Amino acid sequence: MNLNAFRSLSRAMFLGFVRDRAALVFSILIPVLFLLLFGSIYKGSSAPRLSVIEVGQVSLLDQAKAAAPSELGKILTVTHSANLAAALADVRKGTDDAVVQQQGRTLEVHYSIADQTTAGIVQAVFSSLVQQADVAVAGTNAGFQLTTQQVEDKSLKPIQYLAPGLLGWAIASGGAFGASITLVSWRQNKLLRRLRLAPISVGSVVLARVGVSLAVAIVQLAVFLAIATRPYFGLKLSASWWMAIPVVICGTLAFMAIGLLVGSFAKTQQAATAVANIIILPMAFLGGAFIPLDFAPPWIRDVSYAMPLRYLVTGMQNVMARGEGPASALPAIGILLGLAAVLTAISVRVFRWDAV
Amino acid sequence: MVARVSATISVQNLRKSYGSMVAVRDVSFDVEQGEFFGILGPNGAGKTTTLEMLEGLRQPDAGQLTVLGLRPWPRNPALLPRIGVQLQSSSFFERLTAREQIRTFASLYGISTRRADEMLAIVGLDEQAETKAEQLSGGQAQRLSIACALVHDPELVFMDEPTGALDPQARRNLWDLLRQINADGRTVVLTTHHMDEAETLCDRVAIMDRGEILKLGPPAALVRGLDTPVRISVESGLLSDAEARTLTPAGEVADDGVSLTIATRDPASVLAGLADRHALAGLRVQGATLEDVFLSLTGREYRA
Numbered sequence: 024m025n026l027n028a029f030r031s032l033s034r035a036m037f038l039g040f041v042r043d044r045a046a047l048v049f050s051i052l053i054p055v056l057f058l059l060l061f062g063s064i065y066k067g068s069s070a071p072r073l074s075v076i077e078v079g080q081v082s083l084l085d086q087a088k089a090a091a092p093s094e095l096g097k098i099l100t101v102t103h104s105a106n107l108a109a110a111l112a113d114v115r116k117g118t119d120d121a122v123v124q125q126q127g128r129t130l131e132v133h134y135s136i137a138d139q140t141t142a143g144i145v146q147a148v149f150s151s152l153v154q155q156a157d158v159a160v161a162g163t164n165a166g167f168q169l170t171t172q173q174v175e176d177k178s179l180k181p182i183q184y185l186a187p188g189l190l191g192w193a194i195a196s197g198g199a200f201g202a203s204i205t206l207v208s209w210r211q212n213k214l215l216r217r218l219r220l221a222p223i224s225v226g227s228v229v230l231a232r233v234g235v236s237l238a239v240a241i242v243q244l245a246v247f248l249a250i251a252t253r254p255y256f257g258l259k260l261s262a263s264w265w266m267a268i269p270v271v272i273c274g275t276l277a278f279m280a281i282g283l284l285v286g287s288f289a290k291t292q293q294a295a296t297a298v299a300n301i302i303i304l305p306m307a308f309l310g311g312a313f314i315p316l317d318f319a320p321p322w323i324r325d326v327s328y329a330m331p332l333r334y335l336v337t338g339m340q341n342v343m344a345r346g347e348g349p350a351s352a353l354p355a356i357g358i359l360l361g362l363a364a365v366l367t368a369i370s371v372r373v374f375r376w377d378a379v
Numbered sequence: 172m173v174a175r176v177s178a179t180i181s182v183q184n185l186r187k188s189y190g191s192m193v194a195v196r197d198v199s200f201d202v203e204q205g206e207f208f209g210i211l212g213p214n215g216a217g218k219t220t221t222l223e224m225l226e227g228l229r230q231p232d233a234g235q236l237t238v239l240g241l242r243p244w245p246r247n248p249a250l251l252p253r254i255g256v257q258l259q260s261s262s263f264f265e266r267l268t269a270r271e272q273i274r275t276f277a278s279l280y281g282i283s284t285r286r287a288d289e290m291l292a293i294v295g296l297d298e299q300a301e302t303k304a305e306q307l308s309g310g311q312a313q314r315l316s317i318a319c320a321l322v323h324d325p326e327l328v329f330m331d332e333p334t335g336a337l338d339p340q341a342r343r344n345l346w347d348l349l350r351q352i353n354a355d356g357r358t359v360v361l362t363t364h365h366m367d368e369a370e371t372l373c374d375r376v377a378i379m380d381r382g383e384i385l386k387l388g389p390p391a392a393l394v395r396g397l398d399t400p401v402r403i404s405v406e407s408g409l410l411s412d413a414e415a416r417t418l419t420p421a422g423e424v425a426d427d428g429v430s431l432t433i434a435t436r437d438p439a440s441v442l443a444g445l446a447d448r449h450a451l452a453g454l455r456v457q458g459a460t461l462e463d464v465f466l467s468l469t470g471r472e473y474r475a
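Line by line, the protein sequences are chains A and B.
With our numbering as the guide, the letters of the first sequence map in order to residues 24 to 379.
With our numbering as the guide, the letters of the second sequence map in order to residues 172 to 475.
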């Protein structure tokens with residue numbers, strides 16, 4: 024490989040990238056705006072709080088509140104209403120999470136299963152309240168009481184999964200679009216053919232392109248970390264956060280390989296963009312980038328195992344936010360590298376220098 | 172037949188098909204060192220495919236082919252630094268200036284930036300050095316593309332339709348550059364569908380149609396080989412039809428009210444006769460052109 028050629032090709036591609044406003048906007052600006060937007064919206068919100076409408080007098084709930092105001096206040100917001108129909112409508116719409124009524128010794132809880140997670144919490148909270156009341160009535164003060172604690176570490180604020188999620192999406196898009204559009208446009212304007220006629224190895228060209236994409240991905244990582252760790256957003260990096268760097272590198276390779284395959288088949292830039300979008304966008308929703316897998320419905324969690332983006336996102340989350348050791352990123356790294364190798368091997372077989 | 176070692180390019184019985192479509196049927200020719208060689212023909216004649224096989228971009232189905240004594244297929248790294256290929260005027264890195272483009276291409280061949288900048292000046296683009304390739308005019312982009320093909324000082328230069336999309340003024344400017352490249356001692360092979368371009372630039376022309384070379388030779392010789400009348404025209408009203416006819420009994424005379432045109436195989440006596448009668452105002456003499464050669468070879472009008 025000719026080092027001079029490699030260096031000047033890298034330089035040419037890098038200049039081409041930084042002078043491309045659209046590429047800068049899509050790979051850096053939009054993901055950062057998403058981070059700012061979501062980071063601000065979800066700032067300070069932690070576990071889902073239940074908003075409960077009390078219709079009529081519910082002595083059970085009132086007693087519990089009186090007994091442990093701060094404990095219950097952490098998970099319940101109670102409003103009063105006299106109109107059952109209106110209250111039920113609110114739950115149906117999702118404005119509130121549950122309606123409670125008490126008739127004699129029967130506690131009636133209405134909730135919606137539209138949000139299964141919330142529905143589960145509603146059931147758990149009220150059955151626990153009823154149990155406590157039963158214990159109190161039986162007179163055996165066994166000291167059971169409702170205490171709730173989020174299963175995640177207290178520091179796991181939304182930014183801890185938002186930042187790796189959005190960053191994963193940004194890196195995936197950057198790699199896939201960068202590789203596919205470069206390949207297709209260079210084939211279209213015959214630059215690919217021109218390079219083939221120069222006495223340089225294909226490896227120099229490919230490595231230069233990969234190098235530029237990796238540099239862009241590292242910049243994306245740096246920008247994200249710089250913003251998300253501001254006190255305003257409050258991302259706290261765990262000890263082995265540096266393991267996110269190899270995860271980012273392997274993720275970039277995997278998504279460039281996806282882009283390479285798309286570019287090998289697509290005939291026009293428009294087609295390449297469309298196909299890359301069809302691959303990346305659903306993956307952002309199903310692979311844990313836009314919807315944190317912890318809060319996603321079970322079917323999304325199941326599907327996510329088939330999404331390469333899942334491994335990029337969770338790999339980063341593990342080492343950046345969950346405080347797991349460096350080794351926790353290794354499975355993700357292995358899967359991403361394996362994918363990159365397989366897809367590149369396929370691309371090499373179907374690669375075309377020319378449109379015809 | 173044995174290929175002559177001295178030939179810069181030697182092509183024998185070259186064939187290439189795309190599926191059932193035969194692009195190049197059976198093509199043979201030699202190009203000598205220092206020659207300006209043209210492949211002329213309408214679109215779809217097989218010119219580009221022939222050129223691509225010479226450049227080593229396509230594998231011939233059959234036939235013998237050597238370029239500078241080497242086989243271009245498969246990709247031959249020994250050959251690549253010795254040939255220059257000018258592709259479309261848009262074959263550039265995105266968003267790089269003219270200077271950055273040529274320096275990048277230069278470095279691929281291990282050529283200094285100084286030489287790259289000189290090349291930019293040779294094609295007359297020093298003032299556009301800081302202009303991005305996308306913003307160059309058609310003629311300027313074509314010059315840059317040629318500069319990038321020549322930056323490593325190749326012995327042999329291939330150009331595919333170099334003046335394709337240019338306006339007439341830009342074409343003429345580019346012709347001067349192409350002549351200069353050839354005058355510097357390089358062998359130049361170009362394809363064109365412009366008859367006038369082939370006539371004015373090329374030492375020899377191969378006229379191609381439907382995958383075959385119909386005729387090969389110096390343009391003037393091809394034209395002279397045609398037995399077509401010379402068309403002599405002067406202003407109308409200088410001479411009556413009948414009088415004109417006496418000058419060339421075998422020829423044809425037509426007067427459209429603007430010009431009197433005499434088609435004759437004996438132009439010398441017609442011109443002498445017109446001179447005797449002081450009827451030379453607005454004189455034009457048109458011999459046959461390569462278009463006539465094409466017409467006589469194919470029976471079809473030449474349409475590019």
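Hints were generated in silico from the structure; no laboratory data involved.
Among the hints, a few may not be true.
Claimed, not checked - Some chain B residues near chain A, calculated using beta-carbon distances under 8 Å:
1. L228
2. R242
3. R246
4. L251
5. L258
6. S261
7. F263
8. E265
9. E271
10. Q351
11. V405
12. V456
13. A459
As the structure is a computational prediction, the values presented were derived from the model and not from experiment.
Don't be surprised by glycine CBs; every beta carbon is placed ideally from N, CA and C.
Cross-check of the supplied hints:
no. : hint : verdict
1   : L228 : holds (6 Å)
2   : R242 : violated (15 Å)
3   : R246 : holds (7 Å)
4   : L251 : holds (4 Å)
5   : L258 : holds (5 Å)
6   : S261 : holds (5 Å)
7   : F263 : holds (7 Å)
8   : E265 : holds (5 Å)
9   : E271 : holds (7 Å)
10  : Q351 : violated (22 Å)
11  : V405 : violated (50 Å)
12  : V456 : violated (43 Å)
13  : A459 : violated (36 Å)
Checked against the numbered hints given earlier, the structure breaks hints 2, 10, 11, 12, 13 and satisfies all the rest.
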